[in-house]
Amino acid sequence: MTEIKFKLNNKNVRIEKDLTMRLLDVLRDDYGLIGVKEGCGEGECGACSVLVNGEVVSSCLMPLGNAAGKNIVTIEGFKKTKRYKVLHKAYEDEGAVQCGYCIPGMILASESLLNKNPHPTEEEIRDGLSGNLCRCTGYNMIVKAVQRASKRGEGLW
Amino acid sequence: MPNISKSIPKQDTAEKTSGEALYIGDIKFDGMLHAKTLRSTETRALIKEIKIPELPDGYHIIDYKDIPGDNYVKIIFEDMPVFAEKTVNYFGEPILLVVGEDKQVILDIVDSIEVKYETLEPHYKYTKSVINYEYEKGNADKAFINAVKTINGEYTTGYQEHIYLEPQGVIGLYEENKITILGSMQCPYYIKNAVMQVLNDDGNGVRVQQATTGGAFGGKEEFPSLMACQVAVAAAKLKRPISLIYERTEDIIATTKRHPSTIKFSAAIGPHFTVDAIRAHVSLDSGAYIGLSGVVLQRAMIAASGVYTIDNLSISGDVYETNSVPNGAFRGFGAPQMLFAIEMFMEHIAKELKQPPFEFKLKYVAKKGDATSTGGQFRDSILLKDMIHKVWDVSDYQRKTTEFSQPGSNKGIGMSLFLHGCGFTGSGEQKHIKAVVRLRKNEDDTVTVLAANTEMGQGAATTLRKIAAGILGIPIEQVIYNLPDTDLVPDSGPTVASRTIMIVGGLIARAAKELKEKWEPGVEIIVEERYKQPNFIKWDEDTLHGDAYPAYSWGVAVCEVEVDPVTFRVDLKDLWSAYDIGKAIDERIVIGQVEGGLLQGIAYGMLEVMDCKEGIIQQKNVTDYIIPTAADSINMYTYIMDNPYPLGPYGAKGAGELPLVGGAPAVAMAIENAIGKKITKIPVTPEYIMELMKND
Amino acid sequence: MVNSYIPENYKKALELLANNNLTILAGGTDLMVKTRKWSGLAPGFNGDILFVSQLEELDFIRREKGKIIIGATTTLEKLLHDENTPKLLKMAITQMASPGIRHTATLVGNVGNASPAGDSLPVLYVLNAKIVLESIVAKRILSIDEFILGPGSKDMKSDEMIREIIIDDVEFDFVMYEKAGGRKSDAISKVSFAGAFTSLHGMVHDMRIAFGAVGPTIVRMKEYEARFNETQVWDLLRMIDIVKDLYDPRIQPINDQRSTAEYRKTCALNILGKFLAEAETSAKKGDNH
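Residue numbers (the numbering used here), protein chains in the order written: chain U, 1 to 157; chain D, 1 to 696; chain H, 1 to 289.
Take the hints with a grain of salt, since some may be wrong.
Partial list, computed: chain D residues near chain U (C-beta under 10 Å) [what the hints assert, rightly or not]:
#1 Ala14
#2 Pro167
#3 Gly457
#4 Ile591
#5 Gln593
From the derived model, a few chain D residues whose C-beta atoms are all more than 10 Å from chain U [claimed, not checked]:
#6 Tyr117
#7 Leu120
#8 Pro122
Think of the hints as simulated: they come from the structure by calculation, not from any bench. Heads up, the beta-carbon is just placed ideally off N, CA and C, and yes, glycines get one too.
So that you can see chain U by itself, here it is in the shape it has in the complex (with noise of 0.2 Å):
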């Protein structure tokens, strides 16, 4: 067990752990944020999407090890910030939660897309996207919130 420090939904912290354990466990067993989910564990649905230094990461890929010194989000520290509540609206106005399992980690995602490109494409939301699959809505209305999203949210990113 070695002690590590970081960032976490901005405050800072300290934990003993083994630095192999998946950030994702970490997470949600240490921290109790279970708005991080586990949806395949090999790194390939999005639905443990954390920000890393405002980067989307999975979280089921990545060893406590590489959070030293780094500022970790999850959604439960994101949903405090406007960003969130123009992202979360956005998806609310136009229909894109149905289970919502993939949600957290699409709006993590979005917001690591619109961080770098307050102005995507379509194209560029639906790359941006292509690491956190749903399969209940089609990724329509979830592309359409984004596009709305990054239109009201003018000047937040």
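We have chain U already, so just place chains D and H on it with the hints.
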């Protein structure tokens, strides 16, 4: 009455976007133990001996010997054991659970258990028929005798795995007089009945609660009952909470899937190039246990003539048992297999007769008053021709068909016509389900919808409330729906078969009407409604004759593709579709169902590959079993028709399964037209396209 | 439970490697999947771990004396947006995995994985990649085809780690990367291809072709490439069948759960034909000098 179709925000969006919604994997109890399934590594064998090492304190084996009741899962055909006893019949079949606190210790125990098998001869092909059905319409034999030509076709469809984003999971809780099952599910009462059976309980000692469910699509219709029985037995024995949550790979190889099928057709062609009769035989692979396969077969067979009125039919089908993972419910339930086959067959008949397929098919499209395949009647108006015209128009179908048929074009356009019988087949509602709903007006004048139907993303929490609120004339905020708990809600039947809005919503509408009349502020009032089969439904279960369904929903889909001549990869270019589902209870929710379902159908038709080699599923993870990403999906143009059905709430019929049914034939036909080669199997992979292109 | 070492600099990393038997863990996007056990349990690593993604000294891409050097911890995402990254490599990275994976996966990790289907590998073979291996006592430079020995197998000693890779910095006249995956994005290659050439006075000067996922290692035939020299660029189209026949016996893919040998082979040769056709077209457009 307000415009019911006008979209409103869904009830549960906020808890889902914020990550607060609790799925079964998020819920923990004090003293909760984990369970891991030890699975068969043989496809068919006798279990000679199981050597279990000495178990550390606090670790237990749960197997068939712990079952107080009988060792089977109560579902339509009762042949699936809760735990394998003397034999195993598929690779991955559950033999026992190892239960304990520490997951590593559990894994070590699982690894050290030795199962001694005596291998038996497995069968994998369509050889062992366990169910056979037949039905006739008119006089097919006579038509074949008088035919000037017979055209044959054989079509095969593959597996489809649900890949709900949330893997299967249940938790069993123990209290002195009660076992509670909490889990990801579609049918709380199916689970309750199954658990009652294994525990020898009269119903008072079993409670089932739905947790937020991350997608289901039929995969959580009957399968969770197996897991629930296992944890119920474990909880009853160990008197501790037991958690059984599947890993994705485990879920892929060991849970039910869509039945692979082979469908053989023969058409009797009359002197004026008419399709006078169709003979068909449907073969379904049920895997190791029959379960719901008989009902899937029935639905597939009933759909044998698709949207077409063919006067003479002779339809038969068999369910074949094989030593592979048991197959079960998946959105469409036999219809996707058959609609692919019949749509391609009609297309191929037209092409063989050198008739333009579009005009050819139009001649047979059903009209109101026509006899259905099973000799019932299409009693309600059918808007199919309008829908065809609409989609034909917006997709520029005619011009593109001509343009894309020019040599050198890699593009193709295809149109599928499809239908889905709403609700249970025949008298299922009346005889087996006997749905009951209640509305409870609370003292604070809110109204709680008491039904066992589950919200799994399809919007039931919102639409059922809308129906109640609309009829009561109260704001929707005053209507409450909670995820079902069998201690609190009556058995309104399973959330399957596109019945939730039409049947259960219909009962809620009637209850709301009654409640409105009895309404008294500040007072608690409970009204109850029970399902009554409409008088005109006459169905003979043995001959499969009469009205198979009370209502039908209809669809038209046009798909445009481009095939890459280098890699044979198919690029989706455009998708247009129109649906008659009676009335949209919420337009955005319906469109969400359409887009999701249609993409699932398209992917079933061209992307999702699952091979079973010697009884073992080859694509074991989401890397190898591929479903579409956002980059693979495209914008869809969707038209929802307005055609109120007199017996549905606000005129609504079934909508959940219909869109998937039309996806595969639309994309298969588009690809066929792009490459100019006959497609007879799905998924139409690049490998298959290459094969067809090479056989010049 | 295994021990984890997070050295603060590269020298410390090499020292640790010299004195311990360690598994090197960079982004984790391959190893964390391979070693996965059950949710909540630590992955099944057999020995102690050396974390390297924090080594800033290895996070770079730079041009030097006609070569491009990429450090071991440089992520795919960083390479995608860097002006020094060759176009051909960017083409491959764009089609690799998904944004989430590209944010932490490293190019060197893709090399170290030595998978026959590694998306970047055909490009690295075409760019004559050299792998710089270093231990506390020695430095070795291997060409990529010497480094990768077979599926999942590489010539690397237990006290070594990859420090950087060196690739050619060439302004090609035409480059093409193609990947046939199961779907548009986030897919394992069924077949991959990288091709590039320069021309001089209308004649092919430096032709490079590599195939991925059609054999145990990347297929590149330098002796065949030499035969293109002195060929007129506008003859390439005419040569397609001859070239296909030439490469055919070298392309020996397998059947697996993702695709068939026949498909992979046909696809590979079709892509080769497409490359030659497009090469000629681009030349005709006057893209050459």
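How the hints compare with the structure:
1. At its closest, the beta carbon of Ala14 of chain D sits 7 Å from a beta carbon of chain U; the interface hint therefore holds under the 10 Å criterion.
2. Proximity of Pro167 of chain D to chain U holds as hinted, the smallest CB-CB distance being about 7 Å (cut-off 10 Å).
3. Contact between Gly457 of chain D and chain U, as hinted, is supported at the beta carbon level, the nearest pair being about 3 Å apart and thus within 10 Å.
4. Interface restraint check: Ile591 of chain D against chain U, minimum CB-CB distance 7 Å, threshold 10 Å, status holds.
5. Contact between Gln593 of chain D and chain U, as hinted, is supported at the beta carbon level, the nearest pair being about 8 Å apart and thus within 10 Å.
6. Chain U leaves Tyr117 of chain D outside its interface by the beta-carbon criterion, the shortest separation being 29 Å against a cut-off of 10 Å.
7. With a closest Cβ-Cβ approach of about 34 Å to chain U, Leu120 of chain D is found to remain outside the 10 Å limit, as its non-interface label requires.
8. Non-interface status of Pro122 of chain D relative to chain U is upheld: no Cβ of that chain comes within 10 Å, the nearest being about 29 Å off.
Comparing the model with each earlier hint shows no violations; every hint is respected.
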